[in-house]
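Asks: Residues 9 to 142 (this note's numbering) make up the sequence shown, in order.
What follows is a list of derived Cβ distance ranges for each label pair:
| id | residue 1 | residue 2 | range |
| --- | --- | --- | --- |
| 1 | Thr25 | Ala129 | 17 to 23 Å |
| 2 | Asp66 | Gly111 | 36 to 42 Å |
| 3 | Phe26 | Asp90 | 18 to 24 Å |
It is worth saying that the hints were derived from the structure and are not from the lab. Since the model is a prediction, treat every value here as computed from it, not as a measurement. Even for Gly, the Cβ is constructed at its ideal location relative to N, Cα and C.
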Amino acid sequence: MKPNVRLSVKIDKLFDTFHPVGEPEQSPHVVAQVVSAALGADIPAQMIEDLRHGRYEDPVDPTVLIAIAEHFQVPGYYLTSDGELADSVAEQLEFLADLRHLGVNALDYRGVRLDRQQVRAILANLTRSDNPGS
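Given the sequences, and given the hints that come with them, work out the whole structure.
Replies: Next up, the structure:
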């Protein structure tokens with residue numbers, strides 16, 4: 009996958025994941041305003057839009073990517089690198105999306121240490137028990 013395409017997929021995932029259920033995604037304009045304020049420099053909404061859709065051809069200042077990531081409350085390395093750490097964030101975002109899709113608002117493990125796969129299996133069982141005909 010080309011780097012700008014992979015980057016666009018990551019940025020799109022942030023927009024898709026971080027908005028309240030039932031409400032629209034943040035606009036590139038809002039993200040650009042926050043990133044501009046954080047950096048003390050004008051970051052156009054069109055740049056955010058182009059980054060999100062893989063249309064931005066110029067090299068991107070890593071501080072812009074870090075500011076975008078931090079706006080969405082994920083570590084900057086999610087957008088500035090590939091590898092295990094970035095993949096771990098991507099996995100957490102998928103997990104969060106799964107939980108939101110199932111309508112989960114909060115989890116409390118209370119002394120039991122479960123990994124994401126175990127929680128997904130429990131949620132899948134709960135979903136099946138709520139829909140016995142499916």
